[in-house]
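Sequence lines, in order, name chains A and B. Under numbering that gives the first Met the number 0, the first residue of the first sequence is numbered 0, with each subsequent residue one higher. Under numbering that gives the first Met the number 0, the first residue of the second sequence is numbered 0, with each subsequent residue one higher.
No wet-lab data here; the hints were simulated from the structure. Watch out, some of these pointers could steer you wrong.
[Unchecked claim] With beta-carbon atoms standing in for the labels, derived distance ranges:
1. B/Lys15 x A/Glu450: 25 to 31 Å
2. B/Cys18 x A/Thr124: 55 to 61 Å
3. A/Asp157 x B/Pro62: 39 to 45 Å
4. B/Asp44 x A/Glu217: 55 to 61 Å
[Said to hold, decoys possible] Pairs of lysine-lysine residues, derived as BS3-like cross-links and limited to a Cα-Cα distance of at most 27 Å, are as follows:
5. A/Lys8 x B/Lys23
6. B/Lys3 x A/Lys408
7. A/Lys375 x A/Lys364
8. B/Lys168 x A/Lys375
9. A/Lys269 x B/Lys59
10. B/Lys168 x A/Lys8
11. A/Lys400 x B/Lys59
12. A/Lys445 x B/Lys3
13. B/Lys23 x A/Lys451
14. A/Lys11 x B/Lys168
15. A/Lys400 x B/Lys3
16. B/Lys15 x A/Lys16
17. B/Lys59 x A/Lys455
18. B/Lys3 x A/Lys11
19. B/Lys3 x A/Lys417
20. B/Lys23 x A/Lys408
21. B/Lys168 x A/Lys354
22. B/Lys10 x A/Lys400
23. B/Lys10 x A/Lys266
24. B/Lys23 x A/Lys11
25. B/Lys23 x A/Lys16
26. B/Lys168 x A/Lys401
27. B/Lys23 x A/Lys400
28. A/Lys455 x B/Lys3
29. A/Lys169 x B/Lys59
30. A/Lys318 x A/Lys375
31. A/Lys445 x A/Lys401
32. A/Lys375 x A/Lys167
From the three backbone atoms N, C-alpha and C, an ideal C-beta is built for every residue, glycine too.
Listed here are the chains, written in short residue letters.
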Amino acid sequence: MRPLKDTEKLIKKSHIKAGSDLHQRTINDALQAQAESNKKNSALLQPNIWRIIMKSPITKLVTAAVVIIACVIGLSLWRTTGSGIALADVLARIEQVKAFRSQWSDQWNEDPNKPYSFYYETRGTFLQSQEYGIKSKIEQLDPNGGESTFKEVYRSPDRKTLIVITPKQKKYWRVEFDDSWSEQLQEQGQERDPRAFLKRILKYKYESLGRATIDGIEVEGFQTTDPNYLDNDPNSQVDVKMWVDVKTRLPVRYEEACAWFDQMRDKIIKRAHFVMHDFQWDVPVDAAEFEPPVIPDDYTGTVVKWPAINEENAIQGLKQCLEFFGKYPESITECGVFLFKRLAGSDLALRSVEKSETPAAMRLKEELKGLSEDDKVTRLSDATTPIRSLARFYFEHEWDKKDPAYYGKTVTPKDADKVLMRWKVSDNDYRVIYGDLHAETVTPEKLAELEKLLPK
Amino acid sequence: MNDKFLIWQFKRGSSKALCRIYVKYEDIMLTMAVSLLNDVNAAEDVVHDVFVSFAQSAAKISPNGNLRGYLTTCVANLARDRIRAQHWQEKVGLDDTESICLKSNGPLQTLIDDEQFRQLNCAMAKLPYEQREVVTLHLQAGMTFEAIALSQDISINTIQSRYRYGIEKLRSFLDGEVEK
Chain A
0 MRPLKDTEKL IKKSHIKAGS DLHQRTINDA LQAQAESNKK NSALLQPNIW RIIMKSPITK
60 LVTAAVVIIA CVIGLSLWRT TGSGIALADV LARIEQVKAF RSQWSDQWNE DPNKPYSFYY
120 ETRGTFLQSQ EYGIKSKIEQ LDPNGGESTF KEVYRSPDRK TLIVITPKQK KYWRVEFDDS
180 WSEQLQEQGQ ERDPRAFLKR ILKYKYESLG RATIDGIEVE GFQTTDPNYL DNDPNSQVDV
240 KMWVDVKTRL PVRYEEACAW FDQMRDKIIK RAHFVMHDFQ WDVPVDAAEF EPPVIPDDYT
300 GTVVKWPAIN EENAIQGLKQ CLEFFGKYPE SITECGVFLF KRLAGSDLAL RSVEKSETPA
360 AMRLKEELKG LSEDDKVTRL SDATTPIRSL ARFYFEHEWD KKDPAYYGKT VTPKDADKVL
420 MRWKVSDNDY RVIYGDLHAE TVTPEKLAEL EKLLPK
Chain B
0 MNDKFLIWQF KRGSSKALCR IYVKYEDIML TMAVSLLNDV NAAEDVVHDV FVSFAQSAAK
60 ISPNGNLRGY LTTCVANLAR DRIRAQHWQE KVGLDDTESI CLKSNGPLQT LIDDEQFRQL
120 NCAMAKLPYE QREVVTLHLQ AGMTFEAIAL SQDISINTIQ SRYRYGIEKL RSFLDGEVEK
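So here's chain B without its partners, still in its complex pose (with noise of 0.2 Å):
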């Protein structure tokens, strides 16, 4: 369904709205969270947290809003709050990134036995939070560059370079090019 439509029913209240915006994009927030935070835990949490949110703030909503960017934007702001608040990103070193890769001890685990994202997920987590995050806003929420700079009030050179050192460093760690 057409997302200007959901939000124009979703700003009169409607509960089914709310639920049909949190079906089609559940997935693709849940999927950046795990990216920026490497803990299905915490991701899980942080799309609880925004999707709560989200719903009582039909009256700040743009009609004319993105809605995927708006809440891909939303997970990638409250994970980096997360990681803040946990200090992970200073503690973390590259020796450390293997023990934080995918934490999690609840069902979703089997959902994401792919051994090709397993990888991919403790190379991003060996990523600088800054390009992991641009890399996951790029690619996985598909915001373009523009967007995202507007979105972080950093110039969109800087989001390009952070971008491509960060799929550049994701290659060569995919590769085991980089030693620790």
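Chain A on its own, in the form it takes in the complex (with noise of 0.2 Å):
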């Protein structure tokens, strides 16, 4: 059989040439439309008359005073008749209260004629303790109304292990964070957390949407539809509601409706709908309900570690991929594959490292060998945890926008000149790591120098 490479590069190679046939009725058709289009926008962006009234100095100055006099006014008016609740007042509370409960619903359906659409439909309940952690318990439907697969969940207080325990299938998963990820779950409200969904919405666009009467409490309701809260994405849509006691000040219903378009932004091609209700604020609590239960011996399960993103971790990641296959990979996707937790990906992860040759991972395949296939992932998971940290760091990187790129494809350890992998910390500054895998702060200019460097 010809080797998997051969294949992807006959694929790669693969190359159809337009003919001038369609190359001219495209560009004929494009052309046009581009032209109707820019008419349509050039109209939109005509001066209007209040563009030409607000050039004249004077009305500038009519119009700053009318400004402040009714800024004075609405105030005034804001002051008298306004609820007075305030949402910062509602997170200031939420931080007095030691152990809340409350029901949960979560929603994904896609657009039902896709071919490969997905619905996934979840319910449960939630225990937060601030002094014991959290214990969840998750049903999930069958979408053709078959049986429901249970879930229970137990997080740490301290947020750094979780354990997801499924008895049906006797499987349990315990995943392990490290400190800088469990803050990083928890800012960005992953726990189910009124106080993350909270911060979030105090830190957007957000108003109040009046009161309302929900089984049978008064509440008054705040609304944010700023696209930022859901990742910035720009084809999605977002539409959030926090709905408060008016008596006690504290969160009686959060509603999240999201929506997806396609790349034309001309339909929906995904939705999700999320709603935490019945809360139950300062219950009392007893530490054994948020212990996990003994995880009976007949139970297979993995172990999963979350290692820190930071730049020491990816160098160590870039050591261990020597140490594992003799060289660099050649692109940070190849590393990706062990950042998977489920089979298929540490499938991919296996396959690596078994076709190395190298000391390191001869001695693992050696480990592995006679292991479960649950102990097998867990070892595996465990020994690449570096490379695993290295994944997360360029992904993150490129998730925030910092311009990472990676240089592995060509760059070896001899180089110790030439520019490995890279990111931005600031609008002045990149951060380098070289061949060597020593690291230092350079400037842009100075990176596009050592860019030129790189074989082509």
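Using the hints, put the two standalone chains together into the complex.
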């Protein structure tokens, strides 16, 4: 059988040249479409009467005075007619709560006409204590009306350990987070914590929805539709509402509705709807409630560590690539397979190691022999922690638009003066890791010179 | 020419920039569309429709966007829609794939007469669409698995699995090892 790389090369090499007929037809139609679009847009941008008036300095002064007066009147009206609920106060109030219970539901729904549409619905209960951590029971509904899948989730109070148990499958999954991760997960609101939701709403533009009644409780609503709330994805829309009890100043209901559009922004391709409701604040809790049960002997499980994301660990990851594979990975995507906790990803990672003949890879292969599939995944995950850290480091910088680049395809450990990896640390500085793994901060100009030296 | 500069000019209504973008990406868009649809005429239509729609979208394009990624994703999305509309995937079994390999009655047929590529396209036609799409986006459009996962709102695990199964099946098809 031909090597896999040959098949990949063949596909990469395949190239079809567009004929002149298609070229001409498309160019003509595109230019016409652009001309029409430009015409429409320029009509919208015509200076209107408001802009003309505002060009006068006297009008500007008068308008400024009117705006100030209007603000003063508006402020006094707001003070006298508003509910007086400030979201920052709600946050402060929640911070004082020691424990709460709530229920939630989460629904993901793709365009049903899509060939591979995806439907996902879960619901559950949530118990959170500042002192003891989190316990959640999750029911994943079968879209075809079949039997639900149940999971129990336990998170330690220091946020460093997460245990997921699926009794029906007799499986468990234990995740160990580095400190930096536990903070980040909390900040990103990934823990379904109303505190995190409130902090995010406060970061963006929001408005009051006025008063309403929910389950017999008088509430005031707050809403944000700021696209930044949802990772600033230009192809998405978000509508977040938080309803607060006007008496207790504590949340009664949180709703997050998201929609994602196709690349042309013509139609919605996916929707998500998350609701957190039935809050019970300041409930008495017992430490025993948060204790994960003893995992029965016949359960199988995996343990995955989430390493810290920093330069030091990224360099360790590059060193480990050298040890395991004798060279730097050609792309960071290759390291990405080590991120996966599920079997498909682990299988790929395992194959990468199996193909290698370096002493470190041989030692690891020896260790993996005779282990159960779950133990293999755990051992492999453990052994390749620095590589996962490298991949996460790079992807995080890519996600944060820090202009990362990686040149493992051409740069070797002997290239002490060539850029192996770089990313932006500020507008005036880039951090560079060289082929011999020393690192320094350089200006964009210096980086441009360094990158000119890279082999094409 | 740098893509960011092209986008900047395009957003300001430059027809020259639009033409340059097309010239730069027409071949990759067509190659991809042919791989995905296995029908040169349908592929040409997809390229045409994507680019005409792109020409009207100057306001929507992000100045820092990835032009190649954007156009190839649009091609993949539209190709998927066309496939869905015609129910090709459901109708075509393994025995039928030979007959849909590079359907063409146009002059383009002569440009892709390389036997190896003909075999490749026949093999691609046999892949389930989801796997074909990932293989095409990764190897032909040069998109990372992360980017494909993001553009399709699917987990990277799924994308990697689809790729692995797809590329292995493709190798088997090309080696003639899959029994019908």
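Tested hints:
1. Between B/Lys15 and A/Glu450 the Cβ separation comes to about 28 Å, which falls inside the hinted range of 25 to 31 Å.
2. One distance hint, 55 to 61 Å for the beta-carbon pair B/Cys18 and A/Thr124, holds here, with the actual separation near 59 Å.
3. The hinted range of 39 to 45 Å is satisfied by A/Asp157 and B/Pro62, whose Cβ atoms lie roughly 43 Å apart.
4. Range check, B/Asp44 to A/Glu217: Cβ separation about 58 Å, and the 55 to 61 Å hint holds.
5. Under the criterion of a C-alpha separation no larger than 27 Å, the hint pairing A/Lys8 with B/Lys23 is consistent with the structure, at around 22 Å.
6. With a C-alpha separation of about 25 Å, the suggested pair B/Lys3 and A/Lys408 falls inside the 27 Å cut-off, and the hint holds.
7. For the hint pairing A/Lys375 with A/Lys364, the CA-to-CA distance comes to about 10 Å; that is within 27 Å, so the pair holds.
8. With a C-alpha separation of about 26 Å, the suggested pairing of B/Lys168 with A/Lys375 holds against the 27 Å cut-off.
9. Distance hint between A/Lys269 and B/Lys59 is fulfilled; the C-alpha atoms sit about 19 Å from each other, no more than 27 Å.
10. For the hint linking B/Lys168 to A/Lys8, the alpha-carbon distance of about 15 Å falls within 27 Å, and the restraint holds.
11. At most 27 Å may separate the alpha-carbon atoms for a hinted pair to count; A/Lys400 and B/Lys59 meet this at roughly 19 Å.
12. A threshold of 27 Å between alpha carbons decides the hint, and for A/Lys445 with B/Lys3 the separation of about 21 Å falls inside it, so the pair holds.
13. Distance restraint check for B/Lys23 and A/Lys451: the Cα-Cα separation of roughly 23 Å lies within the 27 Å cut-off, and the hinted pair is therefore satisfied.
14. At most 27 Å may separate the alpha-carbon atoms for a hinted pair to count; A/Lys11 and B/Lys168 meet this at roughly 17 Å.
15. As the CA atoms of A/Lys400 and B/Lys3 are separated by approximately 15 Å, the hinted pair is consistent with the 27 Å bound.
16. Taking the CA atoms of B/Lys15 and A/Lys16, the gap is about 21 Å. The hint holds against a cut of 27 Å.
17. This hinted pair does not check out: B/Lys59 and A/Lys455 have alpha carbons roughly 34 Å apart, beyond 27 Å.
18. Straight-line distance between C-alpha atoms of B/Lys3 and A/Lys11 comes to about 25 Å, which keeps the hinted pair within the 27 Å bound.
19. Among the hinted pairs, B/Lys3 with A/Lys417 is consistent with the structure: their alpha-carbon atoms are about 26 Å apart, no more than 27 Å.
20. Of the pairs offered as hints, the one joining B/Lys23 and A/Lys408 holds, with about 24 Å between alpha carbons and a cut-off of 27 Å not exceeded.
21. Of the supplied pair hints, the one linking B/Lys168 and A/Lys354 holds, its CA atoms being roughly 20 Å apart against a limit of 27 Å.
22. This hinted pair checks out: B/Lys10 and A/Lys400 have alpha carbons roughly 21 Å apart, not beyond 27 Å.
23. For the suggested pair B/Lys10 and A/Lys266, the alpha carbons sit about 23 Å apart, so the restraint of at most 27 Å is met.
24. Our distance criterion of 27 Å between C-alpha atoms is met by B/Lys23 and A/Lys11, whose separation comes to about 17 Å.
25. Of the pairs offered as hints, the one joining B/Lys23 and A/Lys16 holds, with about 12 Å between alpha carbons and a cut-off of 27 Å not exceeded.
26. Taking the CA atoms of B/Lys168 and A/Lys401, the gap is about 37 Å. The hint is violated against a cut of 27 Å.
27. Between B/Lys23 and A/Lys400 the CA atoms are separated by roughly 25 Å; this keeps the pair inside 27 Å, and the hint holds.
28. With a C-alpha separation of about 21 Å, the suggested pairing of A/Lys455 with B/Lys3 holds against the 27 Å cut-off.
29. As the CA atoms of A/Lys169 and B/Lys59 are separated by approximately 49 Å, the hinted pair breaks the 27 Å bound.
30. Restraint check: the Cα-Cα separation between A/Lys318 and A/Lys375 comes to about 22 Å, which is no more than 27 Å; the hinted pair holds.
31. Between the alpha carbons of A/Lys445 and A/Lys401 the distance comes to roughly 17 Å, so the proposed pair stays at or under 27 Å and holds.
32. A C-alpha spacing of about 22 Å is found between A/Lys375 and A/Lys167, which places the hinted pair at or below 27 Å, so the restraint holds.
Hint violations for this structure: numbers 17, 26, 29, all remaining hints satisfied.
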